[in-house]
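Trainee: So the chains spell out like this:
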Amino acid sequence: MEKITIRLDAFEGPLDLLYHLIEKNEIDIYDIPMARLTDQYLEYLDAAEDRDMDDMSEFLVMAATLLEIKSKLLLPKPKNEEEEGPDPREELVLKLLEYKKIKEVTEEWRQREEDAALVLYKEADQAVKQLKGKESQTLEDFLQGLSMEDLYLAFRQVMHRKETKVDHVRSSFKTVPRDLFTVQEKMEYIRDMLILQPKTTFLSIFRKNSGKMEKVVTFLALLELIKRKEVQIVQKMTFGEITISRYDGRDLHEII
Amino acid sequence: MEGICMRLSELEAVVESLLFISGEAVSLTAIAQTIEMDKATAKAIIHTLADKYENESRGIRIVEINGAYQMCTAAECFEYIRNMYKSPNRQGLTQALLETLAIVAYKQPITRAQIEEIRGVSAEHAVSKLVEKKLVCEVGRMESPGKPIMFGTTNEFLRYFGFKNIAELPELEEASKMEEDESNSIKE
Amino acid sequence: MEGICMRLSELEAVVESLLFISGEAVSLTAIAQTIEMDKATAKAIIHTLADKYENESRGIRIVEINGAYQMCTAAECFEYIRNMYKSPNRQGLTQALLETLAIVAYKQPITRAQIEEIRGVSAEHAVSKLVEKKLVCEVGRMESPGKPIMFGTTNEFLRYFGFKNIAELPELEEASKMEEDESNSIKE
Chain A
1 MEKITIRLDA FEGPLDLLYH LIEKNEIDIY DIPMARLTDQ YLEYLDAAED
51 RDMDDMSEFL VMAATLLEIK SKLLLPKPKN EEEEGPDPRE ELVLKLLEYK
101 KIKEVTEEWR QREEDAALVL YKEADQAVKQ LKGKESQTLE DFLQGLSMED
151 LYLAFRQVMH RKETKVDHVR SSFKTVPRDL FTVQEKMEYI RDMLILQPKT
201 TFLSIFRKNS GKMEKVVTFL ALLELIKRKE VQIVQKMTFG EITISRYDGR
251 DLHEII
Chain B
1001 MEGICMRLSE LEAVVESLLF ISGEAVSLTA IAQTIEMDKA TAKAIIHTLA
1051 DKYENESRGI RIVEINGAYQ MCTAAECFEY IRNMYKSPNR QGLTQALLET
1101 LAIVAYKQPI TRAQIEEIRG VSAEHAVSKL VEKKLVCEVG RMESPGKPIM
1151 FGTTNEFLRY FGFKNIAELP ELEEASKMEE DESNSIKE
Chain C
2001 MEGICMRLSE LEAVVESLLF ISGEAVSLTA IAQTIEMDKA TAKAIIHTLA
2051 DKYENESRGI RIVEINGAYQ MCTAAECFEY IRNMYKSPNR QGLTQALLET
2101 LAIVAYKQPI TRAQIEEIRG VSAEHAVSKL VEKKLVCEVG RMESPGKPIM
2151 FGTTNEFLRY FGFKNIAELP ELEEASKMEE DESNSIKE
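Chains as they are written, first to last, in this note's numbering: chain A, 1 to 256; chain B, 1001 to 1188; chain C, 2001 to 2188.
The hints are simulated quantities; they were obtained by calculation from the structure and are not laboratory data.
Treat each hint with caution, since some may be false.
Listed below are the simulated DSSO-like cross-link pairs for lysine-lysine, each with C-alpha atoms no more than 30 Å apart in a straight line [unchecked claim]:
no.	chain 1	residue 1	chain 2	residue 2
1	B	Lys1052	C	Lys2043
2	B	Lys1043	C	Lys2052
3	C	Lys2052	A	Lys100
4	A	Lys24	C	Lys2043
5	C	Lys2134	C	Lys2086
6	A	Lys122	B	Lys1052
7	B	Lys1052	C	Lys2052
8	A	Lys100	C	Lys2129
9	B	Lys1043	A	Lys199
10	B	Lys1107	A	Lys122
11	A	Lys208	C	Lys2133
12	A	Lys122	C	Lys2039
13	C	Lys2164	C	Lys2107
14	B	Lys1107	A	Lys236
15	C	Lys2086	C	Lys2133
16	A	Lys122	C	Lys2129
17	C	Lys2164	A	Lys208
18	A	Lys101	C	Lys2043
19	A	Lys122	C	Lys2086
20	A	Lys72	A	Lys95
21	A	Lys122	B	Lys1039
22	B	Lys1039	C	Lys2052
23	C	Lys2086	B	Lys1043
24	A	Lys103	C	Lys2134
25	A	Lys208	C	Lys2043
26	A	Lys95	C	Lys2133
27	C	Lys2133	A	Lys122
28	A	Lys100	C	Lys2164
29	A	Lys101	C	Lys2133
30	C	Lys2086	B	Lys1039
31	A	Lys122	C	Lys2164
32	A	Lys101	C	Lys2164
33	A	Lys101	C	Lys2086
34	B	Lys1043	A	Lys162
35	A	Lys122	A	Lys100
36	B	Lys1052	A	Lys236
37	B	Lys1052	C	Lys2134
38	C	Lys2107	A	Lys95
39	C	Lys2107	A	Lys100
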């Protein structure tokens, strides 16, 4: 036998080594010459340079299996049985076939892996993280500036409705509705918008089909944000488009 | 000529992918370097792309911020995006919650059945929402069949309105008097 | 008629902005809900948009992952993006990891012992490495002594190889047929 240097860690395991031997020697997997394969397998183990016991154990178990199969094949068959018992090689063959299928499909996957690496996915936008991050709501946010008077009015209204048995839905038209839009809420709305669009136009902060009240509240919210130096607005010419962006720390005269 | 056109639209695609993946503003210099073009050409390509988004009313836009370019969502789509990311529990106080809270505040301790009696509709959702928001809590059980739970307002509730205790809430008598006034004014 | 067209193209813009802003795959359900349309319509809109990107050779694409959709860059632009970020090439998986992953993909749900049975070597290191890389995850426990953990592949796995879903995996060589042939030939 020619002198070869072998590293066992070049193989994924005993099955990989067997598979390699079968391919190399063009052995018919359905009719494995056990004696030859076992000898070659053992030679590889002998020649291996890296004979760390931890790594070797799996290879040694396979060696024992091979020897067992080989010896079973050598035993004379029982006379009274006309039919042959199961082939001692069957289990090994099934395992090798199963392994072969996986081995072959991984070759295809290598290409897919390379191709797919050319496609890039954006990490969650900072913007979305900010939008989501504000999930936990404070009581102040939830109550949206509700005053004791609001609460009192609501109580009065509900008691009145009960006494007069006024229709629930219609009665609510009669009373002064609490503002559906608060400046605080609209400020939050504009802040959210500027997270997604660092620069937006004056017109786009107003919701489509918003009523007069909502428009006024939105405008007040914008003024408040300007006052708090959270946003800055720029209009390059008279009647020109007004852009809104987050305040970047520079004063107006520096920009213009 | 055709060659240049091809090349330009290819570079447009590259610029698009660069702005998409970056997630933040990319300087004109960086873009020009990456597509190996001078700044003027790079700028022209970016503006062609930006105009295309605008003219086709796409869901994305390109904005310029201090000599850098950033891809962002179109303002028209903002409502939808906000709706998707704002979970429904961020909703503010609804009319049902407001009324239920008011009833608990002025009639406490009160059972759910009593609240339902006043409002004429189920109070299950409203009460549990207010309990979740820590505005209302269980304060004991009523000595009656089934021993129903009684609810009252919490310290958080008082703290929010700046009251020291429940006694400071506007008086009930006053409340009923005001109710009378109100019904008069409605009848007028 | 025009009204409907307008509306559809508006919704297309909304879908575009949603996919753009999200850093992960967005489920068809979430998209449909957000644009207030049924799933079939939502799907049609997404596919129209995806086809548009493809046909116009844009720098961005839309891929489907397990019934969800995600925006990504076009493969043609990869070199440029890499140059800009000067990012090193992605290291491919080792053969051991690839084989283990393939076994999990085709046989899931599968326990570690079952993987070891097929590969003939310990799978401890490989499985934990794949879990760490989020390509594989625990999917439950087997109803057998010791209740061993069963593993399955993740969406990250699909994305990593560009598969739409598990059903799309290339078929393994016809196993049953070969096994039959084999047992015949052995018996001969």
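Trainee: Is the hinted pair A/Lys24 and C/Lys2043 satisfied, with a Cα-Cα distance of at most 30 Å?
Mentor: violated, 51 Å
Trainee: Does A/Lys199 sit within 30 Å of B/Lys1043, going by the straight-line distance between their CA atoms?
Mentor: With a Cα-Cα distance of about 18 Å, the restraint between B/Lys1043 and A/Lys199 holds, given a limit of 30 Å.
Trainee: Between the alpha carbons of A/Lys101 and C/Lys2164, is the straight-line distance 30 Å or under?
Mentor: holds, 22 Å
Trainee: Just to be careful, I want the Cα atoms of B/Lys1039 and C/Lys2052 compared with a cutoff of 30 Å; is the pair within it?
Mentor: holds, 29 Å
Trainee: With a cut-off of 30 Å on the C-alpha distance, tell me whether A/Lys122 and B/Lys1039 pass.
Mentor: Distance of about 26 Å is within 30 Å: holds.
Trainee: Keeping to a limit of 30 Å between CA atoms, is the pair of A/Lys101 and C/Lys2086 held or broken?
Mentor: With a Cα-Cα distance of about 38 Å, the restraint between A/Lys101 and C/Lys2086 is violated, given a limit of 30 Å.
Trainee: Between C/Lys2164 and C/Lys2107, is the straight-line Cα distance small enough, at 30 Å or below?
Mentor: Given pair C/Lys2164, C/Lys2107 holds - Cα atoms ~18 Å apart, limit 30 Å.
Trainee: Taking only the CA atoms, is the gap from A/Lys103 to C/Lys2134 under or equal to 30 Å?
Mentor: holds, 22 Å
Trainee: Checking one constraint from the list: CA of A/Lys122 to CA of C/Lys2164, max 30 Å. Satisfied?
Mentor: holds, 18 Å
Trainee: For the pair we were handed, C/Lys2133 and A/Lys122, check the Cα-Cα distance against 30 Å.
Mentor: holds, 18 Å
Trainee: Is it true that the CA of B/Lys1052 sits at most 30 Å from the CA of C/Lys2134?
Mentor: Violated: B/Lys1052 and C/Lys2134 sit about 38 Å apart, past 30 Å.
Trainee: Within a Cα-Cα threshold of 30 Å, do C/Lys2086 and B/Lys1039 meet the stated pairing?
Mentor: Holds, at roughly 20 Å.
Violated hints, in rising order: 3, 4, 10, 11, 14, 17, 18, 33, 34, 35, 37; the structure is consistent with all others.
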